[in-house]
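K.L.:
All chains, full assembly: derive it from the sequences and hints.
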Amino acid sequence: MGDFLYSPFDRGDSLNLFHTWLPIIIPGVYVCINLYCNSLINFLAGEKDFQFKAYGIRERDVMSQSGWLFQKLEVIPISKIQYCVVKKGPLEQKFKLASLRLFTAGQQSDITLSGLKAEEAERLKKWIISKQGEDA
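Mapping the sequence shown onto our numbering, position 69 (from 1) lands on 69, and the numbers just tick up by one.
It is worth saying that the hints were derived from the structure and are not from the lab.
Just so it is clear, CB atoms sit at the ideal spot from N, CA and C, and this is done for glycine as well.
Errors might be hidden in some of the hints.
Stated by the list, open to error - Dumping the calculated BS3-like pairs for lysine-lysine here, alpha-carbon to alpha-carbon at most 27 Å:
| no. | residue 1 | residue 2 |
| --- | --- | --- |
| 1 | K48 | K87 |
| 2 | K131 | K80 |
| 3 | K126 | K96 |
| 4 | K94 | K53 |
| 5 | K126 | K88 |
| 6 | K125 | K94 |
| 7 | K125 | K53 |
Unchecked claim - Using C-beta positions, here's what the derived DEER-type ranges look like:
| no. | residue 1 | residue 2 | range |
| --- | --- | --- | --- |
| 8 | V29 | K126 | 50 to 60 Å |
| 9 | T104 | D49 | 16 to 26 Å |
| 10 | Q107 | F52 | 22 to 32 Å |
| 11 | C32 | R60 | 46 to 56 Å |
| 12 | G106 | N42 | 23 to 33 Å |
| 13 | C32 | F52 | 27 to 37 Å |
| 14 | F43 | G106 | 25 to 35 Å |
| 15 | Y36 | G56 | 33 to 43 Å |
P.N.:
Structure representation (structure tokens):
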């Protein structure tokens, strides 16, 4: 009369239920920890990388330096620049920032100066275009 087909308080069933969920719980915890650590590392590395960005515009060329672990310095003569584009994404518009992209004949030598004030980007674009007219 006291026989039950299933009892959650039975020692064998509760142990079996734990072993059923264990293959789901362990990978889930692993994925959560992995996502958190990767997000933290990417955030800190991105912030550190931004501190090592610099640009310089001289009379005859434009320089761009970037990189924290792997440093890169690019120098493009103004005479080699084919055209300039000022780009403003939604987030950049909100904070009144812009990116100035300088295109050359080769794909590998394009430079993007990001995080500029919108007015500064427009002013630099006009200055570079005027310098191209002088060299021609």
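K.L.:
Could you run down the list of hints and mark each one as holding or not?
P.N.:
Outcome of the hint check:
As the CA atoms of K48 and K87 are separated by approximately 24 Å, the hinted pair is consistent with the 27 Å bound. Taking the CA atoms of K131 and K80, the gap is near 11 Å; set against the 27 Å cutoff, the hint holds. Proposed proximity of K126 and K96 is supported: the alpha carbons are some 18 Å apart, at most 27 Å. Among the hinted pairs, K94 with K53 is consistent with the structure: their alpha-carbon atoms are about 22 Å apart, no more than 27 Å.
Pair hint K126 plus K88 holds up; C-alpha atoms about 16 Å apart against a cutoff of 27 Å. Of the pairs offered as hints, the one joining K125 and K94 holds, with about 21 Å between alpha carbons and a cut-off of 27 Å not exceeded. Annotation: proposed proximity of K125 to K53 holds, straight-line Cα distance about 19 Å (limit 27 Å). Separation of V29 from K126 is about 56 Å and conforms to the stated range, judged on CB atoms against 50 to 60 Å.
A beta carbon spacing of about 24 Å between T104 and D49 agrees with the range 16 to 26 Å that was offered as a hint. Checking the proposed 22 to 32 Å range against Q107 and F52 shows it holds: the Cβ atoms sit about 24 Å from each other. Taking 46 to 56 Å as the suggested C-beta distance range, the pair C32 and R60 conforms, at roughly 53 Å. Taken as a hint, the range 23 to 33 Å holds for the pair G106 and N42, whose Cβ atoms sit roughly 30 Å apart.
Range check, C32 to F52: about 31 Å between beta-carbon atoms, so the 27 to 37 Å window is met. Distance hint check for F43 and G106: the Cβ-Cβ separation is about 33 Å, which falls inside the suggested range of 25 to 35 Å. About 38 Å separates the C-beta atoms of Y36 and G56, a value consistent with the hinted range of 33 to 43 Å.
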